[in-house]
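Novice: Now for the letters of each chain:
2 protein chains.
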Amino acid sequence: MKINRNYLNLKDSYLFATISKKVREYRAAYPERKVISLGIGDVTRPLPKVCVDAMQKASGEMGTMETFHGYGDYEGCDFMRNAIADYYAKKGVTLEDREIFISDGAKSDVGNFLDIFDTDNTVLVPDPVYPVYVDTNTMAGRKVLFLDGNQENNFLPMPDKSIKADIIYLCSPNNPTGSVYTRDQLKAWVDYANEMEAVILFDAAYEAFVRDSSLPTSILQIEGANTCAIEISSLSKTAGFTGTRCGYTVVPAGLVRDGQLLRDLWYRRQSTKYNGTPYIIQRGAEAVFSAEGYNQAMENIDYYMENAKLISKTLDELGIWYVGGENSPYIWLKCPNNLSSWEFFDLLLNRANVVGTPGSGFGKMGEGFFRLTAFGEREDIKIAMESLKALLK
Amino acid sequence: MKINRNYLNLKDSYLFATISKKVREYRAAYPERKVISLGIGDVTRPLPKVCVDAMQKASGEMGTMETFHGYGDYEGCDFMRNAIADYYAKKGVTLEDREIFISDGAKSDVGNFLDIFDTDNTVLVPDPVYPVYVDTNTMAGRKVLFLDGNQENNFLPMPDKSIKADIIYLCSPNNPTGSVYTRDQLKAWVDYANEMEAVILFDAAYEAFVRDSSLPTSILQIEGANTCAIEISSLSKTAGFTGTRCGYTVVPAGLVRDGQLLRDLWYRRQSTKYNGTPYIIQRGAEAVFSAEGYNQAMENIDYYMENAKLISKTLDELGIWYVGGENSPYIWLKCPNNLSSWEFFDLLLNRANVVGTPGSGFGKMGEGFFRLTAFGEREDIKIAMESLKALLK
Chain A
1 MKINRNYLNL KDSYLFATIS KKVREYRAAY PERKVISLGI GDVTRPLPKV CVDAMQKASG
61 EMGTMETFHG YGDYEGCDFM RNAIADYYAK KGVTLEDREI FISDGAKSDV GNFLDIFDTD
121 NTVLVPDPVY PVYVDTNTMA GRKVLFLDGN QENNFLPMPD KSIKADIIYL CSPNNPTGSV
181 YTRDQLKAWV DYANEMEAVI LFDAAYEAFV RDSSLPTSIL QIEGANTCAI EISSLSKTAG
241 FTGTRCGYTV VPAGLVRDGQ LLRDLWYRRQ STKYNGTPYI IQRGAEAVFS AEGYNQAMEN
301 IDYYMENAKL ISKTLDELGI WYVGGENSPY IWLKCPNNLS SWEFFDLLLN RANVVGTPGS
361 GFGKMGEGFF RLTAFGERED IKIAMESLKA LLK
Chain B
1 MKINRNYLNL KDSYLFATIS KKVREYRAAY PERKVISLGI GDVTRPLPKV CVDAMQKASG
61 EMGTMETFHG YGDYEGCDFM RNAIADYYAK KGVTLEDREI FISDGAKSDV GNFLDIFDTD
121 NTVLVPDPVY PVYVDTNTMA GRKVLFLDGN QENNFLPMPD KSIKADIIYL CSPNNPTGSV
181 YTRDQLKAWV DYANEMEAVI LFDAAYEAFV RDSSLPTSIL QIEGANTCAI EISSLSKTAG
241 FTGTRCGYTV VPAGLVRDGQ LLRDLWYRRQ STKYNGTPYI IQRGAEAVFS AEGYNQAMEN
301 IDYYMENAKL ISKTLDELGI WYVGGENSPY IWLKCPNNLS SWEFFDLLLN RANVVGTPGS
361 GFGKMGEGFF RLTAFGERED IKIAMESLKA LLK
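In order, the protein sequence lines correspond to chains A and B. Residues 1 to 393, numbered by the working numbering, are exactly what the first sequence covers, in order. Residues 1 to 393, numbered by the working numbering, are exactly what the second sequence covers, in order.
Think of the hints as simulated: they come from the structure by calculation, not from any bench. Warning: the hint list may mix true and false statements.
[What the hints assert, rightly or not] Here are the computed lysine to aspartate or glutamate pairs in the EDC-like style, where the Cα-Cα straight-line distance is at most 16 Å:
1) K49(A) / E61(B)
2) K2(A) / E386(B)
3) K91(B) / D212(B)
4) K2(A) / E61(B)
5) K334(A) / E379(A)
6) K309(B) / E386(B)
7) K2(B) / E223(A)
8) K187(B) / E223(B)
9) K2(A) / D118(B)
10) K2(B) / D258(A)
11) K11(B) / E25(A)
12) K49(B) / E66(A)
13) K57(A) / E61(B)
14) K2(B) / D120(A)
Whole structure, please, built from the sequences with the hints as guidance.
Specialist: Given below as structure tokens:
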């Protein structure tokens with residue numbers, strides 16, 4: 001019996017473990033100080049009430065013979081796929097029913113989608129990057145190339161025709177940087193992918209944070225995307241579903257590679273290795289897309305974005321370079337005084353009692369940068385910003 | 001961009017599609033006749049009330065800030081893993097916390113677990129077989145060997161030391177045959193696997209149907225299993241969770257292959273490609289293992305097993321050979337008069353208005369056999385059995 005030895009090539013990430021350890025030690029040393037975390041990528045506000053109501057009703061249905069639901073469709077319930085189709089229609093994107101797959105979250109689909117691709121493909125990911133894009137390909141033994149994000153390109157790297165890539169990851173609004181590609185920039189990526197006969201895996205998990213209506217919220221809004229792009233999204237950040245688990249993936253019906261419809265291959269994958277998203281959860285997710293549900297979800301996002309504004313304003317006052325925070329819950333800043341990411345982490349924790357995430361944990365281009373998140377409570381954000389100002393002014 | 005061309009080697013299964021088509025056509029031709037299905041593998045009874053209550057309460061928790069749950073642990077909530085540990089303790093199996101992984105169902109884990117194994121392993125599966133075991137390995141390009149189930153071995157094939165295998169699938173109580181390995185038989189498999197340094201993937205999804213206390217309900221009850229076996233199970237059939245989605249996988253802490261702890265590799269896989277089972281669903285699943293929940297679940301199983309008895313009794317009266325039905329919801333019978341599986345299907349549909357599943361759909365050794373299931377309503381089972389008797393007497 002041989003194990004998949006590609007797993008041995010995975011780099012262990014000590015990022016969040018190291019952060020936890022440092023914070024634990026600091027709290028033990030200074031129990032009287034309040035440490036505020038602007039480091040987490042998890043939501044803090046509760047689910048919209050209509051989602052709760054829908055899930056309670058659906059749970060009740062499971063308790064009587066007449067309304068009980070057994071196995072559902074692998075690709076999700078009709079009502080939920082219709083809700084997604086309607087949501088995309090409002091974005092100006094027409095989807096066919098069979099292009100939509102409901103999942104238990106974007107992370108599962110980001111990882112599992114690779115199953116339908118040969119291991120002998122070259123992968124292109126931006127740096128800094130959400131580690132899952134790299135790790136899932138390392139597990140399959142694929143070659144991974146990096147494209148540098150930096151201050152010059154606002155952490156929005158553009159295609160380089162001298163690089164031949166087969167699988168391209170784009171995340172916009174970006175995790176960890178919070179930067180957002182414009183329509184023109186995404187068009188350049190779509191043209192590059194079509195020319196290379198590559199596939200773009202587009203992670204739209206933060207699309208609901210886009211406030212600037214000139215910015216795209218879906219790559220499928222870009223001409224030509226339906227022959228090169230798969231869009232993977234989630235309700236985790238849109239409506240607080242991080243612990244409730246529901247996402248969706250759109251595979252355009254016209255997307256053919258190597259003579260095969262990717263949509264059919266993905267259906268084959270899901271029907272063989274997945275048994276559908278829980279009925280109860282899909283009912284809760286459907287409610288997000290009702291007028292009332294979406295308003296409630298947007299109220300939470302407005303709350304986070306007000307937090308983001310407080311952070312941005314402070315950084316402006318301090319003259320610190322950053323991207324993000326306008327159409328994303330993430331703010332990606334340059335560490336002041338040319339500190340390294342971990343040096344700034346230590347300074348912030350020890351002198352301002354604020355926790356953030358060292359940029360170097362997201363790739364080599366993240367060194368010297370730092371991520372703050374707008375999830376959390378308003379009063380905490382205010383206190384943290386006052387401490388930051390006192391420290392750096 | 002190259003697709004995973006192993007997918008092109010998958011055999012399309014037209015089994016259930018063909019059944020649906022034939023039934024649809026029959027119903028259109030004879031709209032006045034009531035067709036009874038004993039072909040489905042899905043439960044029909046509702047969830048235990050305590051599960052519904054628990055999920056309604058958990059849904060409510062998601063609606064307020066104080067009780068909201070964001071990202072959970074990849075391996076499942078502590079309360080749910082404790083419930084599984086307690087359940088195994090009652091089976092005489094002591095599990096450590098870190099050996100238990102909560103999932104969204106056995107099918108996902110059966111498919112995803114292969115991720116940690118090299119593609120250059122030889123797979124051994126019994127024939128007839130649950131098609132997912134074969135398809136998931138075909139997708140990865142693994143070589144699959146079959147071990148014949150037949151009347152002589154009661155469809156419980158035993159290890160053959162002349163065959164070298166790395167990954168072995170066992171399902172007991174078996175789908176599709178309903179046969180159950182004894183402790184001695186499982187011991188022979190465990191010894192064989194340890195000797196070969198193979199890994200057994202043990203599918204225990206039907207363990208709750210075992211009524212004979214001398215039969216094992218877990219391979220981990222067998223000495224030596226903790227160095228060769230992974231157990232994958234589910235609440236789908238135990239408590240009607242087919243549409244609610246919760247399962248669990250046990251990876252013994254002492255299971256090492258190729259110098260690696262499989263438990264650690266599986267944790268790496270799950271933490272990279274899975275974000276945990278919904279909190280609400282885990283609360284419902286926890287309730288199954290309360291005294292009240294388990295009693296309610298067992299009442300449903302008793303109901304199905306009473307159905308199974310009616311079917312067995314009829315087959316006994318008709319002198320038809322079969323296995324299963326005593327400790328399993330499945331009854332696997334030899335088609336009378338040496339009919340082929342599909343010939344018997346047609347006869348049963350056209351002359352008795354009863355639908356079952358042709359055994360040939362589960363592998364070449366299934367030809368000439370037929371699967372009936374005990375899921376369904378008592379009155380329907382009675383009518384179906386009367387029709388069967390009238391047809392075959």
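Novice: Evaluate each hint against the coordinates.
Specialist: Verification of the hints:
1. K49(A) / E61(B): holds, 11 Å
2. K2(A) / E386(B): violated, 53 Å
3. K91(B) / D212(B): holds, 13 Å
4. K2(A) / E61(B): violated, 45 Å
5. K334(A) / E379(A): Not satisfied, since the Cα-Cα distance of roughly 25 Å exceeds 16 Å.
6. K309(B) / E386(B): holds, 14 Å
7. K2(B) / E223(A): violated, 24 Å
8. K187(B) / E223(B): Distance ~7 Å between K187(B) and E223(B) Cα, so the pair holds.
9. K2(A) / D118(B): At roughly 5 Å apart (the allowed maximum being 16 Å), D118(B) and K2(A) satisfy the hint.
10. K2(B) / D258(A): holds, 6 Å
11. K11(B) / E25(A): violated, 57 Å
12. K49(B) / E66(A): Cα-Cα ~15 Å, so holds.
13. K57(A) / E61(B): holds, 15 Å
14. K2(B) / D120(A): holds, 7 Å
Hint compliance for this structure: hints 2, 4, 5, 7, 11 are not met, and every other hint is.
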